[in-house]
Amino acid sequence: MCLGIPGKIVELYQQAGLRMAKIDFGGVLREACVETLPEAKVGDYAIIHAGFALNLLDEQEALETLQLLRDAGVLDEELNPSSQT
Amino acid sequence: MDLSLLNQTLRDERQVKAEIEKIRRRLTRSWVLMEICGGQTHAIMQSGLDQLLPPEIELVHGPGCPVCVTPLELIDKALAIAARPEVIFCSFGDMLRVPGSNQDLFSLRAGGADVRVVYSPLDAVKIAQQNPERQVVFFAIGFETTAPPNAMSVLQAKALGLKNYSVLVSQVLVPPAMHAILSSPHNRVQGFLLAGHVCTVMGYQDYLPIADQYRVPMAVTGFEPLDLVRGIYSVVKMLEQNEVRVENAYARVVKPEGNLAAQAIIQKVFQPVDRNWRGIGRIPLSGWGLRPEFSEFDAELRFDVGNIQTSESPLCIAGQILQGLKKPFDCPAFADPCTPQNPLGAPMVSAEGACSAYYRFARSSASMKG
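Sequence order for the protein chains is Y and H. Residue numbers for the first sequence follow this note's numbering, beginning at 6 and rising by one. Residue numbers for the second sequence follow this note's numbering, beginning at -17 and rising by one.
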């Protein structure tokens, strides 16, 4: 639950008063709330947990982590929670 | 990109081995380290680090498995609320198979209850907007990492004026659990790997007084094999030099002060409260509850679920496992009859539970050292 997946911010927008972002997790697009990252810009990489950005990290780190998570088979598990049951 | 990342993975493997060699060279005696976070327990088992490390290093597994420590009484309350016909009960996925006294959310759903797995608490708020005639309840469990999203869902429900959204809160904190572990007369832990993403949110200043008080070194640690061995090296080096500090071995993500915007969201909605930890007991000020100004969103107040009589499996030793006092294979019920399909206790269910990690990665007493 506390794993967190790095993804790239590809779009920033307001939705129902919240600062939201479209996040690219190595090809899988998801929406996340970025209220926790007032400084985030399009193109930045962030660690996303439960649909929320925890922090920014640099691109190289993000890509390496994504690959490791994919190798370990946990990327799908984290992004598709309903498949667990 | 793929090729360079393949090379990267290979390089990581060499780096992991080099770091393990550095640890080996430092060792003059054996040490017991605890990784707090259940996500790290799984990463350690999955990568086989527990078997690659020198035998002098014993890793014991901490209580950082949110579904494992959610008290049975609250799971029974969740079941009672979810069984109501007007309720759509939303939860993170790994809560569904956690056994209550008589059943779990998964079997309740199979029996017709509207129980839904969501990726984010904000998805539960959306479900509440789309279903104004139903009551939507989100099971707001977790450590500091899930607190910002859980709190934000309440702020959002308030901003949208939703009268049909509430949260069943079981929000727990790492530092008070460490106090409980370290002050136990049975404690064996000599150093800690701190949970990287909890520290991403909260920073690591709160751990300095704990390190000082109990004379235990700690390292903020990430989740990849290389992060984990670097965290272990950092703690071993301090132990061998008789130094007590909190080092940051996950500095690429964690800042000393954490994420201040996330903390501000938490502070708006939650205040410190005493919490019961499943298998461990009551720990003072070890969690967060809703502030009075958000009590209209408290599912425990909204739904009168009456007197809950809990009954725990007499076979399960989850409490001792969560405190690092026993390993999963010390349990007579491990693998028979307790399995992820038929769990007697929460640590066999969760992707962060130690029992599930041992079961999935086939650790038995025969293949373990120590």
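There could be a bad hint or two in this list.
[What the hints assert, rightly or not] Taking lysine-lysine pairs in the DSS-like style, the calculated list, with each CA pair at most 30 Å apart, reads:
#1 LYS27/Y with LYS219/H
#2 LYS237/H with LYS27/Y
#3 LYS145/H with LYS13/Y
#4 LYS13/Y with LYS219/H
#5 LYS13/Y with LYS250/H
#6 LYS108/H with LYS140/H
#7 LYS108/H with LYS250/H
#8 LYS145/H with LYS27/Y
#9 LYS46/Y with LYS13/Y
#10 LYS145/H with LYS219/H
#11 LYS27/Y with LYS308/H
#12 LYS219/H with LYS46/Y
#13 LYS46/Y with LYS308/H
It should be emphasised that the hints constitute simulated quantities derived from the structure, not laboratory data. The structure presented is a predicted model; accordingly, all values stated were derived computationally and were not measured.
Here is how each hint holds up against the structure:
Of the pairs offered as hints, the one joining LYS27/Y and LYS219/H is violated, with about 42 Å between alpha carbons and a cut-off of 30 Å exceeded. The hinted pair formed by LYS237/H and LYS27/Y meets the criterion: a straight-line CA distance of about 25 Å does not exceed 30 Å. Between LYS145/H and LYS13/Y, the direct Cα distance comes to roughly 35 Å. Violation of the 30 Å bound is thereby established for this hinted pair. For the suggested pair LYS13/Y and LYS219/H, the alpha carbons sit about 36 Å apart, so the restraint of at most 30 Å is broken.
At roughly 28 Å between alpha-carbon atoms, LYS13/Y and LYS250/H fall within 30 Å of each other, so this suggested pair holds. As the CA atoms of LYS108/H and LYS140/H are separated by approximately 13 Å, the hinted pair is consistent with the 30 Å bound. Under the criterion of a C-alpha separation no larger than 30 Å, the hint pairing LYS108/H with LYS250/H is consistent with the structure, at around 21 Å. For the hint linking LYS145/H to LYS27/Y, the alpha-carbon distance of about 28 Å falls within 30 Å, and the restraint holds.
This hinted pair checks out: LYS46/Y and LYS13/Y have alpha carbons roughly 10 Å apart, not beyond 30 Å. Only pairs whose Cα atoms come within 30 Å are accepted, and LYS145/H paired with LYS219/H is rejected, the gap being roughly 54 Å. A distance of roughly 43 Å separates the Cα atoms of LYS27/Y and LYS308/H; the hinted pair therefore is violated under the 30 Å criterion. In summary, the hint linking LYS219/H to LYS46/Y is not supported, as the alpha carbons are separated by about 39 Å, beyond the 30 Å threshold.
For the given pair, LYS46/Y sits about 46 Å from LYS308/H by alpha-carbon distance, which is inconsistent with the 30 Å threshold.
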